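J.: Heads up: the protein sequence lines correspond to chains C and P, in order. Taking the UniProt record's numbering, the leading residue of the first sequence gets 1, the next gets one more, and so forth. Taking the UniProt record's numbering, the leading residue of the second sequence gets 1, the next gets one more, and so forth.
Hints were generated in silico from the structure; no laboratory data involved. Don't take each hint at face value.
DSSO-like cross-link-like pairs, simulated, lysine-lysine; straight-line CA separation at most 30 Å [unchecked claim]: (1) C:K92 <-> P:K95; (2) P:K64 <-> P:K132; (3) C:K221 <-> P:K189; (4) C:K92 <-> C:K423; (5) P:K215 <-> P:K64; (6) P:K64 <-> C:K92; (7) C:K423 <-> P:K95; (8) P:K64 <-> C:K291; (9) P:K285 <-> P:K221; (10) C:K423 <-> P:K83; (11) P:K25 <-> P:K221; (12) C:K596 <-> C:K470; (13) C:K291 <-> C:K57; (14) P:K225 <-> P:K132; (15) P:K25 <-> P:K64; (16) P:K83 <-> C:K92.
Anything over 10 Å on all C-beta distances counts as not near chain P; from chain C, calculated [to be verified]: (17) A158; (18) A208; (19) K221; (20) P292; (21) P372.
Predicted model only: the values in this text are computed from it and were never measured. Glycine included, every Cβ here is placed at the ideal spot set by N, Cα and C.
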Amino acid sequence: MNTLSTLQNNPLLMALASAVLNPNLRTLLIYDAPYDGLRQIASYLDAIIRSLEHERKIVTTQLGSTEHDDTLWGYIPLPARGKDAQQQIEFKPLLFSQQQSAAHQQLLLIPNLAQISLAVARAGIMLMGTNVAHLERNEQSERWQPQQYWIAACAQDAIGSVSSHLVDRFVLRLRWNDASFATDHQTHIQYLQQRLAHNPSATDLSPADLAQIQAVVKLIKEAQQHHPQATPEMMESLLDYFAEEIPAARLFHRHEITLARYAVTVAQIAGADSVDEQHIADAARLMGISKPELEDDDTSEPAIKQESSTPAKKPEATGENKSNSAIQEPGATQATREKKEQVSAEVQETIITPLLQSVLAPENPYLEESAPILHEEDALRLPWRHSPLGRADHGEIVGIEQGASVHDIAIISTLLHAALFSKQRQSKDEATENTTGIRIRITPEDLHHYRRAPAPEQMLLLLLDYTSLKRCNWQEALLPYLSWAYTRRASISIVKVGAQDAHDELQAEVVNTRNVLAPLLDRTLEASTGRATPLAHGMQLALQTVQRNLQHGRNTVQHVQLIVISDGRGNIPLQASINKRVSTPVTREGIADALKIAQEIRALKHIESVLLNPQPTHYAHLPIALADALGATIMPIPPYTVEIEVS
Amino acid sequence: MDKSSDNILRTILPYTEIVEQRELKMALELAYIAPRIGGVLISGQRGTAKSTTVRAFASMMYDKLPVTIPINATEDRVVGGWKIYKLMEESKLEKQAGLIEEADGSMLYIDEVNLLDDHIINILLDVTSTGKLIIQREGRQDGRDVHMILVGTMNPEEGNLRPQLLDRFGLMVQITSLTGRDTRRDILKTVLAFDRALLEEEQNGTSRYLENAHKNAQDYKAFLKEARDRLPQVTIPEEIIDICAMLTEKLEVVGHRADYLLAVAAQAHAARERHMTTTREDVLKVAELVLRHRIANSDQLDSAAWNEEHRKSIVEIVGQVEHIEHASK
Numbered sequence: 001m002n003t004l005s006t007l008q009n010n011p012l013l014m015a016l017a018s019a020v021l022n023p024n025l026r027t028l029l030i031y032d033a034p035y036d037g038l039r040q041i042a043s044y045l046d047a048i049i050r051s052l053e054h055e056r057k058i059v060t061t062q063l064g065s066t067e068h069d070d071t072l073w074g075y076i077p078l079p080a081r082g083k084d085a086q087q088q089i090e091f092k093p094l095l096f097s098q099q100q101s102a103a104h105q106q107l108l109l110i111p112n113l114a115q116i117s118l119a120v121a122r123a124g125i126m127l128m129g130t131n132v133a134h135l136e137r138n139e140q141s142e143r144w145q146p147q148q149y150w151i152a153a154c155a156q157d158a159i160g161s162v163s164s165h166l167v168d169r170f171v172l173r174l175r176w177n178d179a180s181f182a183t184d185h186q187t188h189i190q191y192l193q194q195r196l197a198h199n200p201s202a203t204d205l206s207p208a209d210l211a212q213i214q215a216v217v218k219l220i221k222e223a224q225q226h227h228p229q230a231t232p233e234m235m236e237s238l239l240d241y242f243a244e245e246i247p248a249a250r251l252f253h254r255h256e257i258t259l260a261r262y263a264v265t266v267a268q269i270a271g272a273d274s275v276d277e278q279h280i281a282d283a284a285r286l287m288g289i290s291k292p293e294l295e296d297d298d299t300s301e302p303a304i305k306q307e308s309s310t311p312a313k314k315p316e317a318t319g320e321n322k323s324n325s326a327i328q329e330p331g332a333t334q335a336t337r338e339k340k341e342q343v344s345a346e347v348q349e350t351i352i353t354p355l356l357q358s359v360l361a362p363e364n365p366y367l368e369e370s371a372p373i374l375h376e377e378d379a380l381r382l383p384w385r386h387s388p389l390g391r392a393d394h395g396e397i398v399g400i401e402q403g404a405s406v407h408d409i410a411i412i413s414t415l416l417h418a419a420l421f422s423k424q425r426q427s428k429d430e431a432t433e434n435t436t437g438i439r440i441r442i443t444p445e446d447l448h449h450y451r452r453a454p455a456p457e458q459m460l461l462l463l464l465d466y467t468s469l470k471r472c473n474w475q476e477a478l479l480p481y482l483s484w485a486y487t488r489r490a491s492i493s494i495v496k497v498g499a500q501d502a503h504d505e506l507q508a509e510v511v512n513t514r515n516v517l518a519p520l521l522d523r524t525l526e527a528s529t530g531r532a533t534p535l536a537h538g539m540q541l542a543l544q545t546v547q548r549n550l551q552h553g554r555n556t557v558q559h560v561q562l563i564v565i566s567d568g569r570g571n572i573p574l575q576a577s578i579n580k581r582v583s584t585p586v587t588r589e590g591i592a593d594a595l596k597i598a599q600e601i602r603a604l605k606h607i608e609s610v611l612l613n614p615q616p617t618h619y620a621h622l623p624i625a626l627a628d629a630l631g632a633t634i635m636p637i638p639p640y641t642v643e644i645e646v647s
Numbered sequence: 001m002d003k004s005s006d007n008i009l010r011t012i013l014p015y016t017e018i019v020e021q022r023e024l025k026m027a028l029e030l031a032y033i034a035p036r037i038g039g040v041l042i043s044g045q046r047g048t049a050k051s052t053t054v055r056a057f058a059s060m061m062y063d064k065l066p067v068t069i070p071i072n073a074t075e076d077r078v079v080g081g082w083k084i085y086k087l088m089e090e091s092k093l094e095k096q097a098g099l100i101e102e103a104d105g106s107m108l109y110i111d112e113v114n115l116l117d118d119h120i121i122n123i124l125l126d127v128t129s130t131g132k133l134i135i136q137r138e139g140r141q142d143g144r145d146v147h148m149i150l151v152g153t154m155n156p157e158e159g160n161l162r163p164q165l166l167d168r169f170g171l172m173v174q175i176t177s178l179t180g181r182d183t184r185r186d187i188l189k190t191v192l193a194f195d196r197a198l199l200e201e202e203q204n205g206t207s208r209y210l211e212n213a214h215k216n217a218q219d220y221k222a223f224l225k226e227a228r229d230r231l232p233q234v235t236i237p238e239e240i241i242d243i244c245a246m247l248t249e250k251l252e253v254v255g256h257r258a259d260y261l262l263a264v265a266a267q268a269h270a271a272r273e274r275h276m277t278t279t280r281e282d283v284l285k286v287a288e289l290v291l292r293h294r295i296a297n298s299d300q301l302d303s304a305a306w307n308e309e310h311r312k313s314i315v316e317i318v319g320q321v322e323h324i325e326h327a328s329k
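Isolated chain P (complex conformation):
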């Protein structure tokens, strides 16, 4: 890791110190435990620590900043191209990996994903829907499999995402400012403590706060790795598959991936809870994350599209399946 990246990493608030944001944290963790989920879209008003949480998570899990596509990235950097100096000065064709390739096996982060150029979005759609990066530009004809967790953050004030891209994110989190005096006080306490810890470290070379935070983060990282390793052994009973199918039928979700993702996310949740069997409770915990952006007429701009009625329906449907099963027994 180069020195500048190292310097930047130390300015990222440690993941375990982030106040609340339980749903956001859970979504990122589930996507890590079960990469088949595909990715997480985080939509929220300004100043809700969306980017901070994503960077903190990547710093903890991969010991580096997430591979990031900024909104003004050019195509050559996204898909890859040639090394310009070698090409022009030495007339040698030497490949330069793009960001998608760099993110293989880890996380690809798009800050302000709804401000990204349409053309770049099309490229991402191709890659995420097929799992293959095909480069056919400037005389390059390459292809390779890529597996990554796609994470996007957006402020819905600046417009929504195309439904095709929306569907590529397995989970969606909608966050608002945290209310409640105690929580707000905790946020201030954390921010000021971290500011001070950075100063201490700069002056003394060490900070007890940061040492503790990093130790907590390492412990938590080990916990998540363990959950990821546990995942293949976690079973999904028939009744859970029934529930997933019924939920997507009754809620009239858009697309054909919701039932599958629901089962995978529930399985990941079980692994995170150190369980070996996926339960109804796991489905209930992840249903909103999977279905929120897939219900008919849903819109990232309109948080009211997903409402209390939907939540009630989920609880009722899960209960109904239980009732049917009990009746059949």
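For reference, chain C alone in the conformation it holds in the complex:
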């Protein structure tokens, strides 16, 4: 396969080449990409840009959970002492500034989009997908064209944790194909061997990759001199890839515009004079976009012909091209498409490097449209402060603000502000004194303190035994405790015991949510009933959760409200849960283990326990025994009331 064909068949390669060619295509999100993989992709892009002589040097910066506004946009450093004391005091521009933008190209690498700081998320909103960036901070006023490359990774099942407003700014989406998850053992072994041979932890590229890059750079250079014409026919054809009759709220022009721009770069790289249906089909395939299924398409004539009418430099009609063009049949069924993609993948396998092989077009590029929302309301807003206990010095620092209080003072900002006026405030005597160093006088108007995200000080820990919930109105019994959690802005952890969706039915699981408003809470409470009741393991997890939140590190929780809903009939011993295997006949061991751990929980401070008793018909004493062991208050759960209308 020649380089052009490789490019036309490889989603990552085409995405990187297109990003270089068109600044509007420089935001790339790769689902499930591991950190090493992301670094290698960054190295790949870096190598491409270095090889393009006229391009400026690219500087890669990694963004994560610790950056805040000052570290992203710049600040005024404290005056230096000693030999640098004469150094001018001026704003120090950092990552996002006109100066940095002019000095070199920037690649912003985000290893986990679901874990970035609020400042990074807000910066992303301001800088991606726009043709003008503004900096208005600390007396600085700048505007420039942000043309950074952004490459981010995010687990597919975590996409709901990210504001869809932010996710939408990533115009190209790809998917990491991790063969270590392959069910086929042979494939797994092959993949492992490739990884070991390639040393994926290194950011250095393999010789094969470097050779590939040189060939790709040659094509990019040629493409930069070539600008194909977009035709009305092409636009008509492009619209077929998006459903016609969808409401405005689900129609996103950015998706259509991106496909159009991508098709233009595909045609540009192919050396075509105009963009045709084949280029659109190629672009759509590489982006993971397929035409919406038609209700009655069996007899319709394919809108896209198998052979392209254009390119002067189109690759020779090799076997892979035939398979490639066949993929674009618009009326192809899902099964046919999959088969053809497989053929295409087999052709690639012998030619392209492991890195290029690892990145595929996603089945659905726009996951945010269907993903459950896992983030909080107003996720991109600066948090409101609502700490009735006045303990706001615990939350994560998200900014700095001016204030008259000395509480939770931001020392550097306060000093900097005072330093601005140090000469103005000097008395005549001080001004004439021949002293070294800087004397700073702080007045109340200099005081700055930290703006912090609210940190929960209360915690609701709910142990929910799903196998005991039948025939009782547990939701109503639980409601007052959820209301309490809401009013106290408490964090919530749920220990799921005996849920049908458990990864292993012999084990309990913990689900943590930031507060009662998190959509994840609803989904957890609605889980179905499983077969086993690993109550002892659930109690163990509850114990560990309490210990972690009350005793470890800088946790802010001061009080835990433990609510247990269980009939006490644990049928899995703790050891069996740990081993994930039941080795002996199930006896009372599961119950005894649960009671023993309950006593350990009772011994902890700052915890208040309540057992909501489902009032089982059989073994009615077990929930009472569990409550005794926990030192919990018992509250009976009323049975469902069924009203029978007699006519």
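Starting from the known structure of chain C, arrange chain P on it as the hints suggest.
T.: Below, chain P without anything else, positioned relative to chain C:
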């Protein structure tokens, strides 16, 4: 204009090339023709060319990018402060104008206005409600009158605005993606044509597409200036004042500015239509823009709050006034 601003300006899609968005364009134009309207809030889902339209409008009308408050702006840049270098190195107090002052006489734009820091919003509320910028910080005690068109864009997915700030925007536009195959095709055509024109200009120093677009924009700018000049001569008959009062009474709008703004916006609409008298038609055209965010229980997140019933009510009320008048004659 510095070179970088010039470079950025040329990347802004010319206003006259923007596909559809008639209501948004009308709102911006009315706010320009009658600055007393105060401002425009544009709420819409992602990717609906909100910012593009605002920047294009400012580029056309003021030959520069709008003065913009980014969401991470610090207070000193918003209200003004001292020049740091002069202060620390030379111990001289030299004022540095803030963004509000820079925007005096033109447009102050806030992209993602619902993500702005509460503290900055409070400052803006003070300025827009009084028309005065009072600086009392860091030893500065200044005050001056400022007149500007406040324009904010927001994605309602990220939360709504406080009612006090909402009320400062005279008009509100709610935009969604444009549907219809022809319109979608036109959008693609425009975007790709503009991309290509920029390339052509970069390579050849000129682009016929851009030349035509800029000429159209200049013509349109002259048309709007003419409308603005015409405004003082446009009369507002008694019956229009009656209609404005009745509309705000019957629709139970919140606040006391709606009737006034309704009359001013209708007058601006008449000026835009080259009329010398404000008519019922003008009121009908602007009523939704003025009243949408002022009805009881309205919420920028819930576009259903303003619905077909409200539209029907407006038409009915305007007709009713006519009926009463006819009856009295």
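J.: If a hint holds in the structure, say so; if it doesn't, say that too.
T.: Results for each hint:
1. C:K92 <-> P:K95: The hint holds at about 21 Å.
2. P:K64 <-> P:K132: At roughly 24 Å apart (the allowed maximum being 30 Å), P:K132 and P:K64 satisfy the hint.
3. C:K221 <-> P:K189: Satisfied, since the Cα-Cα distance of roughly 26 Å is no more than 30 Å.
4. C:K92 <-> C:K423: holds, 21 Å
5. P:K215 <-> P:K64: holds, 16 Å
6. P:K64 <-> C:K92: Judged against 30 Å, a Cα distance of about 27 Å means the pair holds.
7. C:K423 <-> P:K95: holds, 17 Å
8. P:K64 <-> C:K291: violated, 42 Å
9. P:K285 <-> P:K221: Holds, because 21 Å separates the two Cα atoms, which is no more than 30 Å.
10. C:K423 <-> P:K83: Cα-Cα ~14 Å, so holds.
11. P:K25 <-> P:K221: Satisfied, since the Cα-Cα distance of roughly 13 Å is no more than 30 Å.
12. C:K596 <-> C:K470: holds, 26 Å
13. C:K291 <-> C:K57: With a Cα-Cα distance of about 39 Å, the restraint between C:K291 and C:K57 is violated, given a limit of 30 Å.
14. P:K225 <-> P:K132: holds, 26 Å
15. P:K25 <-> P:K64: Given that 30 Å is the threshold and the Cα spacing comes to 18 Å, the pair holds.
16. P:K83 <-> C:K92: holds, 15 Å
17. A158: The claim holds: C:A158 sits with its nearest Cβ about 18 Å from chain P, beyond 10 Å.
18. A208: With a cut-off of 10 Å, C:A208 remains clear of chain P, as the shortest Cβ separation is near 34 Å.
19. K221: The claim stands: C:K221 keeps its Cβ more than 10 Å from every Cβ of chain P (closest is about 15 Å).
20. P292: Label holds. Min Cβ-Cβ 14 Å, cutoff 10 Å.
21. P372: Non-interface label on C:P372 holds, nearest chain P Cβ at 15 Å vs cutoff 10 Å.
The structure is inconsistent with the numbered hints 8 and 13, although it conforms to all the rest.
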